[in-house]
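Undergrad: Chain by chain, the residues run as shown.
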Amino acid sequence: MIHFEARRWTRSRRLVIVCAAFAFAGMSAPLVAAYAEQILGAVQPSSNVSILVEDPTWRDGIASYLQNAAQLSLLVACYVVAWACALGSDERLQIFYRSRATQRWHLFLPRLIMSGLCVCVAASLGGLLAFYEVMVLFDGNDPARMLLVLTVQSTGLVTVALLAGLGAVLTNAPVVSALTTYFVVFFLDLFRDVSIVSDWTPIALLRPEPLLEQSPMSDYLRPGLAALALLAVTTSIALTRPVRATPHVNRSDR
Amino acid sequence: MSVTFGDFVAIRGASVCLSGHQVTGLAGVNGAGKTTLIHALMGLTPPSAGRVYSSNGLRSVAYCPDTPAFEPWLDASEVLEQSLAVARSDRSVHSSHEGRAMVLKRVGLAEVGRRRVGGFSRGMKQRLGIAAAVVLDPEILILDEPTSALDPLGREDVLGLISELGRAMHVVFSSHLLDDIEKVANSLIVLDRGEVVFTGLLSDFVNAPAAQLAITVGGDVRLLLAAFEARGIGCSVDPGAPGTLCVPESLRHRVFEVLAAHPDQIRSVESSQESLQSAFVRLIRARAADGDDT
Chain A
1 MIHFEARRWT
11 RSRRLVIVCA
21 AFAFAGMSAP
31 LVAAYAEQIL
41 GAVQPSSNVS
51 ILVEDPTWRD
61 GIASYLQNAA
71 QLSLLVACYV
81 VAWACALGSD
91 ERLQIFYRSR
101 ATQRWHLFLP
111 RLIMSGLCVC
121 VAASLGGLLA
131 FYEVMVLFDG
141 NDPARMLLVL
151 TVQSTGLVTV
161 ALLAGLGAVL
171 TNAPVVSALT
181 TYFVVFFLDL
191 FRDVSIVSDW
201 TPIALLRPEP
211 LLEQSPMSDY
221 LRPGLAALAL
231 LAVTTSIALT
241 RPVRATPHVN
251 RSDR
Chain B
1001 MSVTFGDFVA
1011 IRGASVCLSG
1021 HQVTGLAGVN
1031 GAGKTTLIHA
1041 LMGLTPPSAG
1051 RVYSSNGLRS
1061 VAYCPDTPAF
1071 EPWLDASEVL
1081 EQSLAVARSD
1091 RSVHSSHEGR
1101 AMVLKRVGLA
1111 EVGRRRVGGF
1121 SRGMKQRLGI
1131 AAAVVLDPEI
1141 LILDEPTSAL
1151 DPLGREDVLG
1161 LISELGRAMH
1171 VVFSSHLLDD
1181 IEKVANSLIV
1191 LDRGEVVFTG
1201 LLSDFVNAPA
1211 AQLAITVGGD
1221 VRLLLAAFEA
1231 RGIGCSVDPG
1241 APGTLCVPES
1251 LRHRVFEVLA
1261 AHPDQIRSVE
1271 SSQESLQSAF
1281 VRLIRARAAD
1291 GDDT
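Protein sequence lines correspond, in order, to chains A and B.
Take the first sequence: its letter number 82 is residue 82 in my numbering, and every next letter is one higher.
In short: position in the second sequence from 1, add 1000, done, that's my numbering.
These are computed hints drawn from the structure, not numbers from a lab.
Cβ coordinates follow ideal geometry from the N, Cα and C atoms, glycine included.
Any given hint could be a false lead.
With a straight-line cut-off of 20 Å between C-alpha atoms, the simulated SDA-like cross-links for lysine to any residue are [unchecked claim]:
hint, chain 1, residue 1, chain 2, residue 2
1, B, Lys1183, B, Val1029
2, B, Lys1125, A, Ser198
3, B, Lys1125, A, Ser89
4, B, Lys1125, A, Arg244
5, B, Lys1183, B, Arg1155
6, B, Lys1125, B, Gly1050
7, B, Lys1183, B, Leu1153
8, B, Lys1183, B, Val1206
9, B, Lys1125, A, Gln94
10, B, Lys1183, B, Glu1195
11, B, Lys1125, A, Tyr97
12, B, Lys1125, B, Gly1113
13, B, Lys1183, B, Gln1022
14, B, Lys1125, B, Ser1203
15, B, Lys1125, A, Leu93
16, B, Lys1125, B, Leu1074
17, B, Lys1183, B, Gly1232
18, B, Lys1183, B, Thr1216
19, B, Lys1125, A, Val176
20, B, Lys1125, A, Glu91
21, B, Lys1105, B, Lys1125
22, B, Lys1183, B, Ser1203
Some chain B residues judged to face chain A by a derived CB distance under 10 Å, without partners named [as the list claims (entries may be wrong)]:
hint, residue
23, Gly1020
24, Gln1022
25, Met1042
26, Cys1064
27, Pro1065
28, Leu1150
29, Pro1152
30, Leu1153
31, Arg1155
32, Glu1156
33, Asp1157
Sequences are here, hints too, so could you generate the full structure?
TA: This is the structure:
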């Protein structure tokens, strides 16, 4: 089944769309951070007003990417993953799957695995592009720290996209699932400085800027465990419901 | 099995037994509950009561809806491969590439096996739907209106295929086209307003008491009419053919005794075996009349 899901992502251009969303963030965000002074200078309202911008550092370049990736790119990823995981609105296509599958996990687990892999590939592409640009545009970089931060964020991106996919598996309403997941994340992000949110939700994984300032990796252990627990619980709820409505009994068991 | 939607009873205590290798026609007017019954059997619609007993659980039964749909980014051969993968029928006799090619050939899609199904016509999708069900090598194959989207030639091909499949599995074939059912089915299930009103051999259904002998009279019809009445045989003149008398086939021994006494009057005698269409209409109208009376 997994190779059919790979075809779903490649032949229907889903992978291209998600990769493009992250690649755009990876290319544009460090550039905007590096040339913020010039950009703001070009749009300043009058010659009497001057905008003072601190000299950007490699941390600003990566932070800019982290912010962009956790916003528009994540929304695109949630939307595409939700559509890839749902059976869809075409009842005839639902019948194709539901009249064959005997176990729900067999139908949806390959979709979730491939969705996670594809978002991981796309987030890695965006991260690597951002990494390359930051290396080129800024001095005094810390490549190991940059890669660590990007890896932590990729984990968060994959987690949130999978939650959108699991919501779509449960509800078969991909748009609602994607938007709900995204807005819950957006809402929690407003409170990311509240310790219970930063310690116990995957939000901290999405925006690991403190890690750029040498905060310890152990700060991300609890959010990581929370993400795993959330995925495990949602997956078990989504994949263990019966796939068929009518009890079929083996004649020998009668 | 019973299926209800709110207060509406779609299927009321339907009980059917499907066994052996044959073709069973599932007949019923629009809204009789054919598709609901099939969906309940397949587990696609939750029944309010009842269960399905089968020899190999869910894997015993394969289903092709009237308008099947597939992922448009797969080609026809891949659809069969996906059908096997979703059903986990690795041990199907058709699971090899050659097996799938053979099934595509059987439904007349060998030439387009590598074409993406997104561009298929409705008729091609219907053939592919049958192939995607047949490839699972089921014991019971349920086809819902399998000829509804086909041209006359395609229809003949698919009816031939159904007949052939009926020698290897039990094919349940739902159709509004009773001529199609009559051509290929050995047995019949008739649904009316959610109830199974007949289940048995098709020949038993069409040979029900109303079967008649049509006697084409060469001479005076009244002479023969009087002879039948004298022997207590109720007969009538065919309103569409005034030179033809209709007598019950069940009284054929007495009828032939009368005919033997009037050989010069007879041009032909035909057993006007009732068609499935007329037997079906007669049954459904009689039930409707009973319903009106009550």
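Undergrad: Please go over all the hints and tell whether each is borne out by the structure.
TA: Checked hints:
no.: 1; hint: B:Lys1183 x B:Val1029; verdict: 19 Å, holds
no.: 2; hint: B:Lys1125 x A:Ser198; verdict: 52 Å, violated
no.: 3; hint: B:Lys1125 x A:Ser89; verdict: 19 Å, holds
no.: 4; hint: B:Lys1125 x A:Arg244; verdict: 24 Å, violated
no.: 5; hint: B:Lys1183 x B:Arg1155; verdict: 12 Å, holds
no.: 6; hint: B:Lys1125 x B:Gly1050; verdict: 33 Å, violated
no.: 7; hint: B:Lys1183 x B:Leu1153; verdict: 15 Å, holds
no.: 8; hint: B:Lys1183 x B:Val1206; verdict: 13 Å, holds
no.: 9; hint: B:Lys1125 x A:Gln94; verdict: 15 Å, holds
no.: 10; hint: B:Lys1183 x B:Glu1195; verdict: 24 Å, violated
no.: 11; hint: B:Lys1125 x A:Tyr97; verdict: 16 Å, holds
no.: 12; hint: B:Lys1125 x B:Gly1113; verdict: 12 Å, holds
no.: 13; hint: B:Lys1183 x B:Gln1022; verdict: 13 Å, holds
no.: 14; hint: B:Lys1125 x B:Ser1203; verdict: 33 Å, violated
no.: 15; hint: B:Lys1125 x A:Leu93; verdict: 12 Å, holds
no.: 16; hint: B:Lys1125 x B:Leu1074; verdict: 12 Å, holds
no.: 17; hint: B:Lys1183 x B:Gly1232; verdict: 37 Å, violated
no.: 18; hint: B:Lys1183 x B:Thr1216; verdict: 27 Å, violated
no.: 19; hint: B:Lys1125 x A:Val176; verdict: 31 Å, violated
no.: 20; hint: B:Lys1125 x A:Glu91; verdict: 15 Å, holds
no.: 21; hint: B:Lys1105 x B:Lys1125; verdict: 14 Å, holds
no.: 22; hint: B:Lys1183 x B:Ser1203; verdict: 12 Å, holds
no.: 23; hint: Gly1020; verdict: 14 Å, violated
no.: 24; hint: Gln1022; verdict: 18 Å, violated
no.: 25; hint: Met1042; verdict: 5 Å, holds
no.: 26; hint: Cys1064; verdict: 9 Å, holds
no.: 27; hint: Pro1065; verdict: 5 Å, holds
no.: 28; hint: Leu1150; verdict: 17 Å, violated
no.: 29; hint: Pro1152; verdict: 25 Å, violated
no.: 30; hint: Leu1153; verdict: 25 Å, violated
no.: 31; hint: Arg1155; verdict: 21 Å, violated
no.: 32; hint: Glu1156; verdict: 25 Å, violated
no.: 33; hint: Asp1157; verdict: 22 Å, violated
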